[in-house]
Amino acid sequence: MGLDISQDAADREMLAGVARGDQRAFSQLYDRLSGPLYSLALRMLGDAAEAQDALQDVFLQLWRRAASYDVDQSSVFSWAMLMTRSRVIDRLRARGRRLRVVSSSTDDDATEAAMAHASTIESAADTADRNEEAVRVRSSVSKLPAEQREAIEMAFFNDLTHHEIAAALGQPLGTIKARIRRGLLKLRERATI
Amino acid sequence: MIPEPLQDQAALYALGLLEAEEIRGFEEAMHSSAELRVFVREMREASAALAQMAPPQAPPAELKQRVLREVALDKQNAGAKSTAPRVAWLPWAIAALFMAFCGILLVDRARLREQTADILSQVTFVTLGAPSPDQPTTAKATVVWNPGQQSGVITIDNMPPAGPGRDYQLWAVDANHKDPINAGVIRIDPNGVARVRFKPGQSATQIQAFAISLEREGGVPKREGPIVLIGKV
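First to last, the sequence lines map onto chains A and B.
The first sequence begins at 3 in the working numbering and counts up by one.
The second sequence begins at 2 in the working numbering and counts up by one.
No lab work stands behind these hints, which were simulated from the structure alone.
Take the hints with a grain of salt, since some may be wrong.
Using 30 Å as the maximum straight-line C-alpha spacing, the simulated DSS-like pairs for lysine-lysine come out as follows [stated by the list, open to error]:
{"hint": "1", "chain 1": "B", "residue 1": "Lys-223", "chain 2": "A", "residue 2": "Lys-145"}
{"hint": "2", "chain 1": "B", "residue 1": "Lys-223", "chain 2": "B", "residue 2": "Lys-179"}
{"hint": "3", "chain 1": "B", "residue 1": "Lys-76", "chain 2": "B", "residue 2": "Lys-65"}
{"hint": "4", "chain 1": "A", "residue 1": "Lys-145", "chain 2": "A", "residue 2": "Lys-188"}
{"hint": "5", "chain 1": "B", "residue 1": "Lys-200", "chain 2": "B", "residue 2": "Lys-223"}
{"hint": "6", "chain 1": "A", "residue 1": "Lys-188", "chain 2": "B", "residue 2": "Lys-76"}
Which bits of chain A does chain B cover? Going by a derived footprint, with three or more residues having C-beta under 8 Å, they are [as the list claims (entries may be wrong)]:
{"hint": "7", "stretch": "8-14"}
{"hint": "8", "stretch": "22-29"}
{"hint": "9", "stretch": "66-80"}
{"hint": "10", "stretch": "135-143"}
{"hint": "11", "stretch": "163-170"}
{"hint": "12", "stretch": "177-186"}
Each pair of labels, with its calculated beta carbon distance range [to be verified]:
{"hint": "13", "chain 1": "B", "residue 1": "Glu-28", "chain 2": "A", "residue 2": "Arg-66", "range": "17 to 27 Å"}
{"hint": "14", "chain 1": "B", "residue 1": "Arg-38", "chain 2": "A", "residue 2": "Ser-8", "range": "22 to 32 Å"}
{"hint": "15", "chain 1": "B", "residue 1": "Asp-190", "chain 2": "A", "residue 2": "Gln-63", "range": "27 to 37 Å"}
{"hint": "16", "chain 1": "A", "residue 1": "Arg-140", "chain 2": "B", "residue 2": "Trp-93", "range": "56 to 66 Å"}
{"hint": "17", "chain 1": "A", "residue 1": "Arg-66", "chain 2": "B", "residue 2": "Gly-219", "range": "25 to 35 Å"}
{"hint": "18", "chain 1": "A", "residue 1": "Glu-149", "chain 2": "B", "residue 2": "Ile-95", "range": "51 to 61 Å"}
{"hint": "19", "chain 1": "A", "residue 1": "Gly-176", "chain 2": "B", "residue 2": "Ala-73", "range": "47 to 57 Å"}
{"hint": "20", "chain 1": "B", "residue 1": "Arg-217", "chain 2": "A", "residue 2": "Glu-149", "range": "19 to 29 Å"}
{"hint": "21", "chain 1": "B", "residue 1": "Lys-76", "chain 2": "A", "residue 2": "Arg-95", "range": "22 to 32 Å"}
Values in this document were obtained by computation on a predicted structure and should not be read as measured data.
All C-beta atoms, glycine included, are put in the ideal place defined by N, C-alpha and C.
Using the sequences and the hints, build the whole thing.
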């Protein structure tokens with residue numbers, strides 16, 4: 003959604019290079035995707051060091067699995083995003099199992115430190131494109147009815163199943179399923195306008 | 002035209018919410034319908050776009066070097082596997098070292114397990130976060146829940162004041178109850194901190210999540226206000 007065709011084609015070309023073992027293509031793909039993927043990992047994990055480890059895992063996975071990418075299933079950008087989300091969810095579940103309690107001050111310190119050392123290698127054009135894309139998505143999501151938005155964000159960012167969302171909001175399961183479907187359909191429609 | 006129940010499943014599939022058995026059934030349906038496959042792709046694109054709601058952050062520059070080093074090493078190892086002559090005794094030596102290391106770890110693990118068995122069997126830790134990525138909150142909360150005792154402790158930091166005539170209220174989302182179970186009102190101190198021991202109003206045997214909502218002062222028997230923090234068990 004929101005990705006222009008030329009960008010998607012460029013992403014596919016970079017990924018094809020990665021599948022051939024081209025490290026330069028991999029470096030370019032890193033520059034293109036690392037910002038959005040890191041933002042997602044940091045938002046979901048709330049811990050900069052862990053988000054960096056997750057990002058490293060994701061890029062290693064991209065390197066190893068580039069050849070298995072299927073253009074019929076998703077764009078490169080979405081493939082990488084959903085892969086990141088999946089790795090982050092694995093980490094969140096493992097975190098629960100480890101009984102590790104991270105103090106909020108440590109999280110904040112780590113986040114601030116990471117921001118202080120933020121990468122400067124990304125080009126201004128890339129940043130502008132990405133921001134424009136993000137602004138478009140934010141605008142589409144903000145126009146969704148509140149209950150649809152709530153359901154899809156709880157599912158996407160908080161790793162809650164539709165059963166858990168229904169229980170948390172005190173709503174029938176069918177209602178939550180319909181809200182998720184309608185919300186995603188509206189996002190899809192706005193992407194194609 | 003794809004029937005609505007199948008569209009529901011496609012949306013849940015794209016978000017990774019289907020159970021293993023449901024996935025099998027749905028993938029069979031996808032296999033026989035090109036229209037459904039296209040629909041799923043669109044649902045996937047819409048789902049992935051949600052990630053852009055996360056506040057933009059750039060990773061530290063040194064991370065790229067770390068990743069590139071890792072990839073170069075991976076490439077080198079892959080090449081070495083196919084071309085390097087093998088030293089016959091080396092795998093055995095590595096295996097022996099590994100076994101010795103595992104032995105040490107097992108002894109250590111058994112000792113640790115003894116020390117922590119009680120805690121592990123008694124409590125669950127849950128981290129709560131904002132339900133929406135653009136909700137401007139730095140608040141963080143951790144619940145330590147003891148199912149045996151049906152009680153827990155919640156620790157909250159950086160929570161903004163509830164505001165006049167309002168209170169924060171804690172809820173336990175339990176699979177055996179239609180509505181979230183009231184776990185009490187939480188009063189935040191002027192520094193945005195709260196440490197509260199709580200006991201849900203009803204028996205909670207299958208808790209799936211904890212949530213905090215913003216309610217009328219004194220709390221309500223059934224949630225009315227918006228959820229401000231939520232965390233999956």
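Just to be sure I understand the hint, the distance between the Cβ atoms of Lys-76/B and Arg-95/A should be within 22 to 32 Å; is that true here? holds (31 Å)
Just tell me: holds or violated, for the beta carbon distance of Glu-149/A and Ile-95/B against 51 to 61 Å? Taking Cβ atoms as reference, Glu-149/A and Ile-95/B lie about 57 Å apart, which means the hint holds.
Between the alpha carbons of Lys-223/B and Lys-179/B, is the straight-line distance 30 Å or under? holds (11 Å)
Check the hint pairing Lys-223/B with Lys-145/A against an upper bound of 30 Å on the C-alpha distance. holds (28 Å)
Are the Cα positions of Lys-145/A and Lys-188/A separated by 30 Å at most? holds (9 Å)
Using C-beta distances, would you say chain B covers the stretch 22-29 of chain A, given that this needs three or more residues below 8 Å? This one holds; 4 residues, not fewer than the three required, reach chain B with a Cβ under 8 Å.
With respect to the beta-carbon atoms only, verify the hint that Asp-190/B and Gln-63/A lie 27 to 37 Å apart. For Gln-63/A against Asp-190/B, whose Cβ atoms are near 44 Å apart, the range 27 to 37 Å is violated.
Confirm or reject the coverage of the stretch 163-170 of chain A by chain B under the rule of 3 or more residues with a beta carbon closer than 8 Å to the chain's beta carbons. holds (count 6)
Three or more residues of the stretch 177-186 of chain A near chain B by CB distance under 8 Å? holds (count 5)
For the hint 17 to 27 Å, verify it against the beta carbon of Glu-28/B and that of Arg-66/A. Given about 23 Å between the Cβ atoms, the range holds.
Does 22 to 32 Å hold as the CB distance between Arg-38/B and Ser-8/A, or does it fail? holds (24 Å)
How does the stretch 135-143 of chain A fare against chain B when you require at least three residues with a CB closer than 8 Å, holds or violated? holds (count 6)
When the structure is compared with the earlier hints, violations turn up for hints 6, 7, 15, 17 and for no others.
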